[in-house]
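Under my numbering, the sequence shown is numbered contiguously, ending at residue 223.
Please keep in mind that the hints were generated in silico from the structure rather than gathered at the bench. Since the structure is predicted, the reported quantities are computational estimates derived from the model, not experimental observations. Glycine included, C-beta positions come from ideal geometry on N, C-alpha and C. Please note: incorrect hints may appear among the correct ones.
As the list claims (entries may be wrong) - Result set (DSS-like, lysine-lysine): computed pairs, CA atoms no more than 25 angstroms apart in a straight line: (1) Lys78 x Lys37; (2) Lys162 x Lys188; (3) Lys162 x Lys196; (4) Lys63 x Lys78; (5) Lys37 x Lys188.
To be verified - Restraint ranges, calculated between C-beta atoms of paired labels, are given here: (6) Glu135 x Ile57: 20 to 26 angstroms; (7) Glu135 x Asn172: 21 to 27 angstroms; (8) Gln84 x Thr165: 53 to 59 angstroms; (9) Asp129 x Glu33: 37 to 43 angstroms; (10) Ser86 x Ala48: 18 to 24 angstroms; (11) Glu137 x Val40: 35 to 41 angstroms; (12) Asp49 x Glu132: 23 to 29 angstroms; (13) Gln88 x Asn181: 20 to 26 angstroms.
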Amino acid sequence: MDNNNIVDIELLKTTFENLGKTQQRRIEDDEEKIGKIGVLLSGRFDADHCRRVYIIVNAEYKILPGRNREMLESRIKAHFNNQISDQEVSKILNIIVFNLEEVSEETDFLAKQVHANMGLGGDTAQGDEVENPEGEFGYSVTNPIPVSGIDRIDDYFTTLKRITGESITYNRLGSLAAENLEFPVDKYEIFDSEKQFVATLYVYAYHGCMTGKAPRGFRLVE
């Protein structure tokens, strides 16, 4: 009985530590984006104002009905008191929504990004792998781990363990293009419980469903 209680306490401790690390990564990502907005605006607005706009627009992006790029850009401009240029507005939206500082003017990711954040995915593919994959699952940018939304990336990594059952931590390195996929692929470095580097994995957040597959050397645990 006592041994079981000890195990339960250790499991709870590990769980809360992992949750704390995930939350810390999100805070760090948010602060990085807020900093980029401040730099873009050359100090015309202080950090607190940029932070408020970031929080508001991020929420509006997720919950407003009928939102589109034009609507969100108008909201950003209003939140900055109509004192920023249309080009700056577009770049700020890219930073907040797409984790990018620049996107092609010919390509509007917004509709599928909204679907992705709502867990609907960017395409209708339903398999455990992306369509027309090339290379090793998870380890190749052209065969990334497919999940059904940006917000589902953390959900996937929360259930991903090393093949031994050991917990992992992860750090996003950025986005890059894959020749066989329409939208960006996110690159992550994976560490073991001792903070030792394990692998580099690639994730695609615009799939029609969550994969049930784990890369070589890992397994999924509910």
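Hints, verified against the model:
{"no.": "1", "hint": "Lys78 x Lys37", "verdict": "17 angstroms, holds"}
{"no.": "2", "hint": "Lys162 x Lys188", "verdict": "18 angstroms, holds"}
{"no.": "3", "hint": "Lys162 x Lys196", "verdict": "14 angstroms, holds"}
{"no.": "4", "hint": "Lys63 x Lys78", "verdict": "18 angstroms, holds"}
{"no.": "5", "hint": "Lys37 x Lys188", "verdict": "20 angstroms, holds"}
{"no.": "6", "hint": "Glu135 x Ile57: 20 to 26 angstroms", "verdict": "41 angstroms, violated"}
{"no.": "7", "hint": "Glu135 x Asn172: 21 to 27 angstroms", "verdict": "25 angstroms, holds"}
{"no.": "8", "hint": "Gln84 x Thr165: 53 to 59 angstroms", "verdict": "55 angstroms, holds"}
{"no.": "9", "hint": "Asp129 x Glu33: 37 to 43 angstroms", "verdict": "32 angstroms, violated"}
{"no.": "10", "hint": "Ser86 x Ala48: 18 to 24 angstroms", "verdict": "20 angstroms, holds"}
{"no.": "11", "hint": "Glu137 x Val40: 35 to 41 angstroms", "verdict": "37 angstroms, holds"}
{"no.": "12", "hint": "Asp49 x Glu132: 23 to 29 angstroms", "verdict": "44 angstroms, violated"}
{"no.": "13", "hint": "Gln88 x Asn181: 20 to 26 angstroms", "verdict": "32 angstroms, violated"}
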